[in-house]
Amino acid sequence: MILMEEKTDEIRLPLIGEKAPDFEAETTQGTLRLSDFEGSWLVLFSHPADFTPVCTTEFIAFSEIYDDLKKRNTELLGLSVDSASSHIAWIRNVEEKMGVKIPFPIIADLNKEVSIKFGMIHPAQSKTETIRCVFIMDPESKIRTILYYPLTTGRNMKEILRIIDALQTTDEHKVATPANWNPGDPVVVPPPKTAEQAEERTKEGYDCKDWYLCFKKL
Amino acid sequence: MIAMPCVSADGKPTKSGMEMLSALKSGASTPDALSGATGMPMFRVRSGLRQLVNAGFVKQVDDKYQLTQEGSKLVK
Numbered sequence: 458m459i460l461m462e463e464k465t466d467e468i469r470l471p472l473i474g475e476k477a478p479d480f481e482a483e484t485t486q487g488t489l490r491l492s493d494f495e496g497s498w499l500v501l502f503s504h505p506a507d508f509t510p511v512c513t514t515e516f517i518a519f520s521e522i523y524d525d526l527k528k529r530n531t532e533l534l535g536l537s538v539d540s541a542s543s544h545i546a547w548i549r550n551v552e553e554k555m556g557v558k559i560p561f562p563i564i565a566d567l568n569k570e571v572s573i574k575f576g577m578i579h580p581a582q583s584k585t586e587t588i589r590c591v592f593i594m595d596p597e598s599k600i601r602t603i604l605y606y607p608l609t610t611g612r613n614m615k616e617i618l619r620i621i622d623a624l625q626t627t628d629e630h631k632v633a634t635p636a637n638w639n640p641g642d643p644v645v646v647p648p649p650k651t652a653e654q655a656e657e658r659t660k661e662g663y664d665c666k667d668w669y670l671c672f673k674k675l
Numbered sequence: 341m342i343a344m345p346c347v348s349a350d351g352k353p354t355k356s357g358m359e360m361l362s363a364l365k366s367g368a369s370t371p372d373a374l375s376g377a378t379g380m381p382m383f384r385v386r387s388g389l390r391q392l393v394n395a396g397f398v399k400q401v402d403d404k405y406q407l408t409q410e411g412s413k414l415v416k
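Heads up: the protein sequence lines correspond to chains A and B, in order. Numbering of the first sequence is given in the working numbering, commencing with residue 458 and proceeding in unit increments. Numbering of the second sequence is given in the working numbering, commencing with residue 341 and proceeding in unit increments.
Hints in this document: simulated from the structure, not taken from any laboratory. All the pointers check out, no bait thrown in.
Quick list of in silico lysine to aspartate or glutamate cross-link-like pairs, DMTMM-like style, CA-CA up to 20 angstroms:
id, chain 1, residue 1, chain 2, residue 2
1, A, 554, A, 515
2, A, 527, A, 629
3, B, 404, A, 495
4, A, 574, A, 467
5, B, 352, B, 410
6, A, 528, B, 372
7, A, 527, A, 622
8, A, 527, B, 372
9, A, 476, A, 495
Bound-form chain A, shown alone (with noise of 0.2 angstroms):
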């Protein structure tokens, strides 16, 4: 995926596997690097603009599953074009108005420098504004998902909780996750890579459907 933009020659943007591009950034809660974050995982998002309706909802519901994440060893880092100022003025105003407190820090990203490097902006949608982008990364700062929202939808708090649960089981079992997942439900087990691993592979113990999709319990 290549983004041509006038103020670079040419940004690559990082995609699933690859170490995240650092960045130093002014944040809510200080100037902040990327690599400040190693050795958690790390939700990086985008929303369009401070004081707009769905990105209040979601730093909302941002907050109300900051400590899910916590006891996932994992981190919040919102970011818009807005300034820090900005972004200040309307956390007080989420906290004054409607009683919540937004924990995690917000980069203030007036110059585009991270959304341009993590390919926030989508000129068809918007030339100004992020969209709602989600990335989720792993205690060494690569990347292990990217959810892309368009302007108008709101994002699934319980999917994101979901993903980080998926990726960590895999990491921690070696295993796969089917569709519709969630934590307690059979996990798939890899499928065999050799004919004679494939014999076996019903003989295991596993609910095996056919020798290439089995299932365990964990």
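Starting from the structure of chain A, add chain B where the hints point.
Only chain B this time, still in chain A's reference frame:
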């Protein structure tokens, strides 16, 4: 202006900066230990340490951090 949560614009440590300096004085010398002592997440500790080092209140010796003379004067 770049926001500096541990050091204010006039060069003095903020409340969270003072918490970090006190934790250093109490013997926490690594980011992990500072995070445990202050309750701040690691990303804030790392960013705060950078600012306190730049402001001259803290110095890094190998993988550990300690107060400078300037920093020691601020913590009772």
